[in-house]
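Let the hints inform the model, and build the full structure from the sequences given.
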Amino acid sequence: MNGCLGDQRLVLTYYREGPATDRAHVGACLGCAARYQRLVRDLERIAHVLEEAPPVAVIRARPRVVWRRALAVAAALAAVVLVGGLEGRMWRESLSWVRPQPDASETEAFLKEVSAVLSVTGERPGPELAMDAPLLDPADGLEREATDEWPDGPRLDM
Amino acid sequence: MRALTAIPPWQAQYEGLYRAHSARVGRLCRLLLNDPQEAEEVAQEVFVKLAQAYPGADRTMAWGLWLTRVAVNACHDRRRSTWWQWRRLRGGGIEDVEVADRGPTPERAALSEEARGQIWTVFRQLPRRQREVFILRHLEGCSTQEAAEALGLTPGSVKRHLFRAVHQLRKGLGGNS
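Sequence lines, in order, name chains A and B.
First residue of the first sequence: 1, per the working numbering; consecutive thereafter.
First residue of the second sequence: 159, per the working numbering; consecutive thereafter.
Note that these hints are calculated values from the structure, not bench results.
Hints are not guaranteed to be accurate.
[Said to hold, decoys possible] Straight-line distance between alpha carbons at most 20 Å, and here's what the computed EDC-like set of lysine to aspartate or glutamate pairs gives:
no., chain 1, residue 1, chain 2, residue 2
1, B, Lys329, B, Glu271
2, B, Lys329, B, Glu272
3, B, Lys329, A, Glu51
4, B, Lys329, A, Asp7
[As the list claims (entries may be wrong)] Heads up, incomplete: computed chain B residues facing chain A, CB under 10 Å, no partners named:
no., residue
5, Met219
6, Leu223
7, Leu269
8, Gly330
We treat Cβ as the ideally placed atom computed from N, Cα and C, and that holds for glycine.
Below, the structure written as structure tokens:
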């Protein structure tokens with residue numbers, strides 16, 4: 001039959017929470033009526049069982065739940081401590097990357113190497129070149145370039 | 159010679175309330191706490207609170223619902239207490255409980271021991287809210303609105319918890335929808 005009730009609506013009908021149409025449907029539909037009867041029977045059985053004292057086996061099985069919770073909490077705490085420790089260690093290592101310690105001997109060796117290479121190729125060290133170079137007039141330089149470019153210039157004028 | 163003092167009228171009413179609700183509150187605490195000894199202690203605490211609140215309170219109040227709400231809160235407090243969790247962990251006193259065999263009632267005969275144990279196991283494994291809603295709505299006969307007020311939930315939430323609890327319990331029973 002169309003419009004058969006789902007499980008939730010059937011349960012709500014049992015507790016008189018659903019609309020009146022659902023109740024009317026349960027009265028008219030054989031399938032839903034059968035499911036409703038099974039629901040009523042099951043809930044009555046459950047109520048009878050819960051009104052009595054629990055079996056001893058169930059009482060004894062309880063501490064396991066507490067153990068499981070305690071283990072879960074301990075595992076979570078251990079994970080937090082582990083992650084925190086790793087994070088702290090990485091942070092300390094990153095500090096040494098950001099601020100490397102100056103090594104004077106390495107710097108000195110590097111400068112000596114550079115000096116040796118420069119002296120082998122015959123070039124004078126940069127600072128000396130800069131100090132010994134004559135001060136040139138920019139205009140003078142241009143004039144000399146012009147004469148070098150047209151060495152026979154005055155002859156053409158003749 | 160000392161004159162006899164008359165019992166105040168509120169005390170007689172209090173005793174009437176105790177007689178009417180003590181068994182119900184005791185069962186409610188047993189279902190919420192799972193431990194008969196603890197449940198008995200909490201039920202006594204609930205009636206001590208009633209004795210403290212009753213003399214100056216409105217007599218027309220719905221005391222049954224008040225007792226339910228106080229019992230639920232007292233069980234919450236007891237479950238949260240570290241001492242009780244430690245005691246549960248140690249299992250002190252729980253194994254010593256003797257369960258009286260009341261003989262094969264028709265209901266017991268209809269269900270095997272295994273099925274009963276299965277229902278209890280599923281009931282114990284229900285989330286706290288689902289268990290509370292099922293107890294109040296199905297076993298205590300509270301309306302959805304009363305259960306919602308007692309547990310601090312919305313009526314819609316009560317309906318959802320109730321359906322899930324029924325679904326889980328029926329699965330434990332091996333029932334079909």
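Right, here's what the structure says about each hint:
no., hint, verdict
1, Lys329(B) <-> Glu271(B), "holds (16 Å)"
2, Lys329(B) <-> Glu272(B), "holds (14 Å)"
3, Lys329(B) <-> Glu51(A), "holds (19 Å)"
4, Lys329(B) <-> Asp7(A), "holds (13 Å)"
5, Met219, "violated (26 Å)"
6, Leu223, "violated (18 Å)"
7, Leu269, "holds (6 Å)"
8, Gly330, "holds (8 Å)"
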